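Given these sequences and hints, build the entire structure.
Number 501 in UniProt numbering belongs to position 501 of the sequence shown; there are no gaps in the numbering.
Source of the hints: derived by calculation from the structure; they are not laboratory data.
It should be emphasised that the depicted structure is a prediction, and the values quoted were computed from it without experimental measurement.
Hints are supplied without guarantee of correctness; some may be wrong.
Taking lysine to aspartate or glutamate pairs in the DMTMM-like style, the calculated list, with each CA pair at most 25 Å apart, reads [claimed, not checked]:
{"id": "1", "residue 1": "K229", "residue 2": "D271"}
{"id": "2", "residue 1": "K229", "residue 2": "D279"}
{"id": "3", "residue 1": "K295", "residue 2": "D548"}
{"id": "4", "residue 1": "K36", "residue 2": "E16"}
{"id": "5", "residue 1": "K309", "residue 2": "D252"}
{"id": "6", "residue 1": "K29", "residue 2": "E619"}
{"id": "7", "residue 1": "K309", "residue 2": "E619"}
{"id": "8", "residue 1": "K29", "residue 2": "E8"}
{"id": "9", "residue 1": "K563", "residue 2": "E286"}
{"id": "10", "residue 1": "K77", "residue 2": "D110"}
{"id": "11", "residue 1": "K582", "residue 2": "D254"}
{"id": "12", "residue 1": "K226", "residue 2": "D271"}
{"id": "13", "residue 1": "K29", "residue 2": "E584"}
{"id": "14", "residue 1": "K48", "residue 2": "E68"}
{"id": "15", "residue 1": "K582", "residue 2": "E68"}
{"id": "16", "residue 1": "K582", "residue 2": "E16"}
{"id": "17", "residue 1": "K226", "residue 2": "D139"}
The following label-pair restraints were derived from C-beta to C-beta distances [as the list claims (entries may be wrong)]:
{"id": "18", "residue 1": "R517", "residue 2": "R289", "range": "49 to 59 Å"}
{"id": "19", "residue 1": "C85", "residue 2": "R51", "range": "12 to 22 Å"}
{"id": "20", "residue 1": "R51", "residue 2": "R26", "range": "15 to 25 Å"}
{"id": "21", "residue 1": "Q505", "residue 2": "S136", "range": "53 to 63 Å"}
{"id": "22", "residue 1": "T182", "residue 2": "S136", "range": "15 to 25 Å"}
All C-beta atoms in this analysis are idealised placements derived from N, C-alpha and C, irrespective of residue type, glycine included.
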Amino acid sequence: MKSNVSIEDLPDPIIEYILSYLSPYRDLKQCMQVNKSWYRFVYDVIRKTQRDFNNAVCHMSVQWCHLEAEPGPTITKRYSHSACCNGNSMYIFGGCTTANTTFNDLWRLDLGNRCWIRPLATGTYPPPKACATLVSHSDNLVLFGGWTHTAPYPLHQVWRVFNHIHIYNTTTNRWTQVTTATTCPPMAGHSATVHGDVMVVFGGVQKQICDGPFVSTSDVWTLDLKSYKWQKQVTSTDPPPPRYGHSQILIDRDHLIIMGGCGGPNMLYTDIWLLKMIDGPGGLWEWQRMDVHLKENSAPQIAFHPACKVGNQVVVMSKSHKSRSSPASLPNLLRAPSRTWVPPRLDDEDSINLRNAKRSASEFEPCVNGKRGVLKRPDRQTNVKPNQVSSSDEEECLDSSKKAAHNVTNSFPLLSQAASVKSDSSLSNSPSTSGYNRNGVTNNCNSSSSAATSASFSKSPHVNNGNLDAQGNSMASHNSPKEDMRQNSGQGNSGTNVHTRRNRQRQLEGLDRMEQRLRDLRAGNVSYPNLHKFSRTLKRPMCLYVLDISTVFDGYVTWRAVKNQSPSAPEEIILYSLVLGKGEVIMFGGIQKDLNSSEQEGETVPEIVSNSLHFMTAERFVI
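Here it is, written out as structure tokens:
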């Protein structure tokens with residue numbers, strides 16, 4: 001007689017192991033409806049998956065799964081967007097590109113089948129913006145604040161900050177703009193978390209009066225999600241310094257922590273604060289600065305790097321300590337090109353001879369038009385040796401450095417300051433909790449210029465120590481690096497018309513190259529000899545940093561010891577989104593420098609905006 005054999009005849013551990021390969025978003029939920037035995041199996045699988053993921057994060061033994069954008073209609077590449085999870089989906093709103101174009105589109109990622117869906121929502125759409133917050137409350141997504149760059153004409157217009165509240169209902173697929181009973185200042189670059197029926201907002205860049213300056217702030221605002229009433233919360237007299245680009249982590253209904261952020265130029269924070277909300281929105285909330293243990297294990301940069309809470313740990317993705325401390329491992333975009341050489345002091349003859357002996361003969365060859373994209377001018381001083389590089393390169397380097405500093409301080413702070421985070425952090429010795437100082441600007445002027453101008457906007461406010469001047473005037477005096485270098489090299493001032501001619505010449509050369517490429521395209525004789533040369537072999541994976549917050553109520557937190565970075569981790573990137581799913585952390589978007597293209601002489605290093613997905617999960621073990 002033939003007996004019937006089913007999957008339920010297998011041992012319970014085998015059944016649970018098989019079910020662990022199903023998607024935790026939809027498939028497992030359907031399996032729970034089979035019978036009571038399967039309900040128990042699935043319940044154990046969900047609990048074990050969550051426990052294994054928490055342990056994997058704690059011990060930094062995680063694995064990465066990458067999902068590139070598929071051909072066809074898909075989400076646009078972006079950074080500084082808003083993201084959150086609701087149910088079995090992750091939602092992405094807005095963001096911007098390297099062209100400073102902001103979006104107002106909403107995309108939904110089905111976490112069960114990893115497919116992008118653009119909901120055709122009805123109602124009142126939000127305006128295009130970036131640097132806004134998107135939080136989940138029941139079946140609604142609450143979108144608040146944000147920034148956008150106005151039309152380029154007329155030129156006097158500056159960027160705009162919003163204080164609108166838009167609600168997206170995931171069930172009815174409809175946008176609704178809410179008119180609040182009270183108002184709060186427009187803000188961007190802030191953070192928000194939901195505690196019960198109250199949304200708590202901290203920091204950001206605000207414009208408190210119509211024609212006043214933009215300021216970074218440390219104010220706390222609350223929004224009642226039932227009555228939609230704003231209230232400025234009263235806090236203790238020792239709040240954190242004003243900042244934006246930070247992370248806000250929900251601990252429980254009455255506590256949250258603030259990590260990192262930026263207070264303006266040269267002010268990148270790595271401090272951690274606890275906000276106690278014991279007495280509710282009507283009481284006095286108390287700030288407490290956390291003592292940070294094992295700071296040597298902390299992330300080199302946490303400003304503009306979102307953090308995500310996993311159990312009693314906070315996950316931060318940042319560059320590795322090796323790439324920060326080892327000059328040989330600095331990204332190519334941070335190394336000065338061979339033609340950008342600052343002459344040493346004239347009295348150091350031995351030093352000059354030693355450097356000349358080490359230099360290769362190719363560095364002393366005259367620059368050929370089209371080879372490096374710049375024609376060197378003849379030496380104007382008779383005391384310059386033939387084997388020394390012309391001072392035009394030095395002045396060009398210093399001009400780029402000066403323009404980079406000007407663009408950083410006169411552009412929108414959330415994007416321009418973030419654009420130079422990687423280059424600046426690589427040049428610092430260690431992260432600072434009180435401020436941030438730049439070093440070596442003149443030796444890395446080309447890379448700093450390209451990083452700063454990537455997201456700079458003309459006629460934008462100025463940030464300095466938390467203040468933004470709408471006229472773009474500098475509020476602090478700085479020594480010009482150009483003057484310092486001229487004192488060292490003994491050179492005098494050059495005329496403005498010389499720089500104008502040189503810049504005009506470079507523009508014409510660029511137009512000539514573009515014209516030649518267009519002619520080649522029309523002729524159909526375009527060759528691609530360097531396609532494999534610039535393959536992504538210069539990948540620099542990010543490193544996982546874990547902060548233990550299990551002792552946060554005792555007044556201190558601890559950075560866990562860093563393990564070896566995973567070669568499969570995402571490349572160095574900033575202004576991405578990092579949200580917690582079911583047994584995984586989801587990373588999307590961001591902006592980075594193309595390290596491969598920095599090898600192309602005579603061309604600036606382009607910025608890469610991503611629309612790739614990265615999933616961090618626990619390592620699987622085969623039984």
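Broken hints, by number: The structure breaks hints 1, 9, 12, 14; every other hint is satisfied.
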